[in-house]
Amino acid sequence: MSRSAVLFSALTLLYISTGIIFSWNLALSILIMGLLSSIMALGVNIQLGYAGLFNTGIMGFTALGGLAVVLVSAQPVVAGWNAGGPGILAGLLLGAATLALTIFIWNRMATGRVRILITIIILIIGFILFRTVIDPAIIAVETNDPASYGNLGGLGLPSLLAWPVGGLLAAVAAWAIGKTALGLRSDYLAIATLGIAEIIVAVMRNEDWLARGVKNIDELPRPWPVPYEVVLQKDPSFIDWALRWGFDTVTSSTIIVKLCYVVMFSLVLLPLIWLSERALHSPWGRMMRAIRDNEVAASAMGKNVTKRHLQIFILGSSIVGIAGAMMTSMEGQLIPGAYNPLRFTFLIWVMAIVGGSGNNWGSVLGGLLISWLWLIVESLGPGLMIILTNGIPDGWLKTHLVESAPHMRLLTLGVILLVVLRFSPRGLIPEK
Amino acid sequence: MDFLNALIAFLNFVFVPGLAYGAQLALGALGITLIYGILRFSNFAHGDTMAFGTMVTIYTTWGLQAAGITLGVLPTALLGLPVGIAATAFLTLATDRIIYKFYRKNKALPTVLVMVSMGVMFVLNGIVRLFIGVEEQNFADGERFLISTGDFKAMTGLAEGLAIKSTQAITVIVAVLVVTWLFWFLQKTRTGKSMRAFSDNEELALLSSINPDRVVQMTWIIAAALATIAGVLYGLDKSFKPFTYFQLLLPIFAAAIVGGLGNPLGAIAGGFIIAFSEVTVTYAWTKVLTYVLPESMAPKNLIQLISTDYKLAVSFVILILVLLFMPTGLFKGKSV
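So the sequence lines, in the order shown, correspond to chains A and B.
Okay, so the first sequence: first residue is 0 according to numbering that gives the first Met the number 0, each after it adds one.
Okay, so the second sequence: first residue is 0 according to numbering that gives the first Met the number 0, each after it adds one.
Source of the hints: derived by calculation from the structure; they are not laboratory data.
Glycine included, every Cβ here is placed at the ideal spot set by N, Cα and C.
One thing to keep in mind: the hints can contain errors.
A short list of chain A residues far from chain B (calculated; beta carbon distances all over 12 Å) [said to hold, decoys possible]:
#, residue
1, Ala146
2, Ala180
3, Gly182
4, Pro235
5, Gly245
6, Lys257
7, Val267
8, Phe345
9, Lys397
Coverage of chain A stretches by chain B, computed from C-beta distances (three or more under 8 Å per stretch; other residues unrestricted) [said to hold, decoys possible]:
#, segment
10, 192 to 200
11, 285 to 294
12, 419 to 427
Derived lysine-lysine pairs resembling DSS-like cross-links, with alpha carbons at most 27 Å apart [claimed, not checked]:
#, chain 1, residue 1, chain 2, residue 2
13, B, Lys106, A, Lys431
14, A, Lys178, B, Lys310
15, A, Lys431, A, Lys306
16, A, Lys214, B, Lys100
17, A, Lys214, B, Lys310
18, A, Lys397, B, Lys240
19, A, Lys257, A, Lys233
20, B, Lys331, B, Lys192
21, A, Lys397, A, Lys302
22, B, Lys240, B, Lys164
23, B, Lys100, B, Lys240
24, A, Lys214, B, Lys240
25, B, Lys237, B, Lys286
26, B, Lys286, B, Lys187
27, B, Lys106, B, Lys187
28, A, Lys178, B, Lys286
29, B, Lys104, B, Lys192
30, A, Lys306, A, Lys178
31, B, Lys240, B, Lys310
32, B, Lys164, B, Lys310
33, B, Lys152, B, Lys164
The following block holds chain A by itself, in its conformation from the complex (with noise of 0.2 Å):
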């Protein structure tokens, strides 16, 4: 057997072990998690494997993914809408505007002090106009029911439509990165990104009027087609196919809901492997892992190493928003101060590289392997704290260990890091 076969199977036998002596339900929905952040680290796979991009923004992209969900499928608040939407838009286009004016005169006019001058001339009218147009109108939005609403609400389609606008609104955001920092050498790239990312968290987190901020949106609906478990548990054709099993309906209920989750996640990182495995191999993914391998001879080919970068910081950060705006519609709701740069930038880092950076096999490894070790420390790690310090004496010490059990796992992970950069630096299934 090959050494991703093994490692496959491996892997396969750890989750239902997980089932067998934990529960089903903690190794499905550590398997949900695990095909969320392997699609993610797919995209970073992409990034870096490929192209050698350093993007610490995954974290921003996620985000975004998840603004997708509240802006698609979140239902309008039309007393919002019609008390400041219009202004709030108006300032928008204001904003994007001026910013497309100021690059078309840098652009077009000779270099020298004139040219610097009229730049910021436009850079501060914008400026004074976006704000004068844009800040009544967000605060008549942010004051309509600000314990309930104060926000514009969505579009209020179905869940599964956000998934791809997820992708779409993460390409966007990319584009506009890439335009500007992608010329950048390596480690500035990615002090640019984790910055961006950091940016676009804190927008979220802030901007009431788009999606509540801190105040969280919540009852998000499911995508199409998962059920609810209450529905399920009140279905009487379910309950009696649970009773004909022997099952019992809440666990069952969650089961198959969590289930649904599992094939449709599949669903989606399957053809994904595929395409990859597809553009590494093609004439494309050559160049790719030319210009990764040497710029300069790549460019001397007469390749069009910036343009490729683009390209390829477009794709990557497009998975990643598309498996945010998954999380987000799985979760329900979108919790901006979540977003954590450990959590969803340099854990999908870990997975990336642990799999095997350059090889999406790898990627897909890394995520569900990474995954459950997260997730198994974050549910057995205070119980097994409390059985490692059981020879030590009740008080101070001891509690101290057991709460701060949770970070072990941060402490585990850069361990495992180190580990591999050091001894198999290529990943588990290294690049062909």
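Using the hints, position chain B against chain A.
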């Protein structure tokens, strides 16, 4: 029109906080720039190194306070600082020996080292959270103000008060002392000169029989000291929270890059540029403008360019502008 009161309000809300924050950023950026200059990689773990040093200092401070030892009007943390520096120096030397040395010997690419430093960042982040938790910690004690608003008003009879927190004064004094020492060290001592030689041209330095291990160790010790001092000063002035220290990575890197990576003087300038822009852009200017403008033109609402929640965006925009238009920074830095 009341320029004196406007000036005092400006000093109180913009200049003094900006100066202290700039000094903290400058110390952090110096550490980044030294590591970049000599070890030739961007150290993503620097923010968490700062958090680690601060954590050790906080625990020492608490121990001292429990034993009844304080510094009177000064914060006790200054007594704990040497312990924090020693522990952090030990930590950086250990990580270098266990982790970074291997890649240096193998002449690994800078990008690989960046990934390795991310691993170190994870580990340090975990250690800090494990020992002190994720909550905010306040460890400043001693006299709170050098001059308080009330005192200043009584002294001068002006309507506006100028408050200088003792932590702000200490930050600036300590930063000046540290930077002076660092430049003396780099310019005048044999080790400092060998460090600069190593940074300028590694091969030539090796040919001139400079001991690379010694240079690298010295760099880590100095970087640890700078990180701890920066972290403790920031924590005294504001408060200590592990996640905030991770987020400091962006302004600190921005400061180092704006000044020119690898250039110590640039790091200091960059720190103040970032700090002052951040404070200026996020400050609500209503008060100052009310004093300066005639009454008919006085602003009614907050004249705030962007909300404080977006202060990270300021360092980011400056960073991008400098990288696009002056890729090696304001002071000539390295561009590898």
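Hints, verified against the model:
no.	hint	verdict
1	Ala146	holds, 21 Å
2	Ala180	violated, 7 Å
3	Gly182	violated, 8 Å
4	Pro235	holds, 48 Å
5	Gly245	holds, 44 Å
6	Lys257	holds, 29 Å
7	Val267	holds, 28 Å
8	Phe345	violated, 6 Å
9	Lys397	holds, 14 Å
10	192 to 200	holds (count 5)
11	285 to 294	violated (count 0)
12	419 to 427	holds (count 3)
13	B:Lys106 / A:Lys431	holds, 23 Å
14	A:Lys178 / B:Lys310	holds, 23 Å
15	A:Lys431 / A:Lys306	holds, 26 Å
16	A:Lys214 / B:Lys100	violated, 47 Å
17	A:Lys214 / B:Lys310	holds, 21 Å
18	A:Lys397 / B:Lys240	holds, 23 Å
19	A:Lys257 / A:Lys233	holds, 18 Å
20	B:Lys331 / B:Lys192	holds, 19 Å
21	A:Lys397 / A:Lys302	violated, 61 Å
22	B:Lys240 / B:Lys164	holds, 20 Å
23	B:Lys100 / B:Lys240	violated, 30 Å
24	A:Lys214 / B:Lys240	holds, 23 Å
25	B:Lys237 / B:Lys286	holds, 23 Å
26	B:Lys286 / B:Lys187	violated, 48 Å
27	B:Lys106 / B:Lys187	violated, 30 Å
28	A:Lys178 / B:Lys286	violated, 39 Å
29	B:Lys104 / B:Lys192	holds, 23 Å
30	A:Lys306 / A:Lys178	holds, 9 Å
31	B:Lys240 / B:Lys310	holds, 17 Å
32	B:Lys164 / B:Lys310	holds, 22 Å
33	B:Lys152 / B:Lys164	holds, 15 Å
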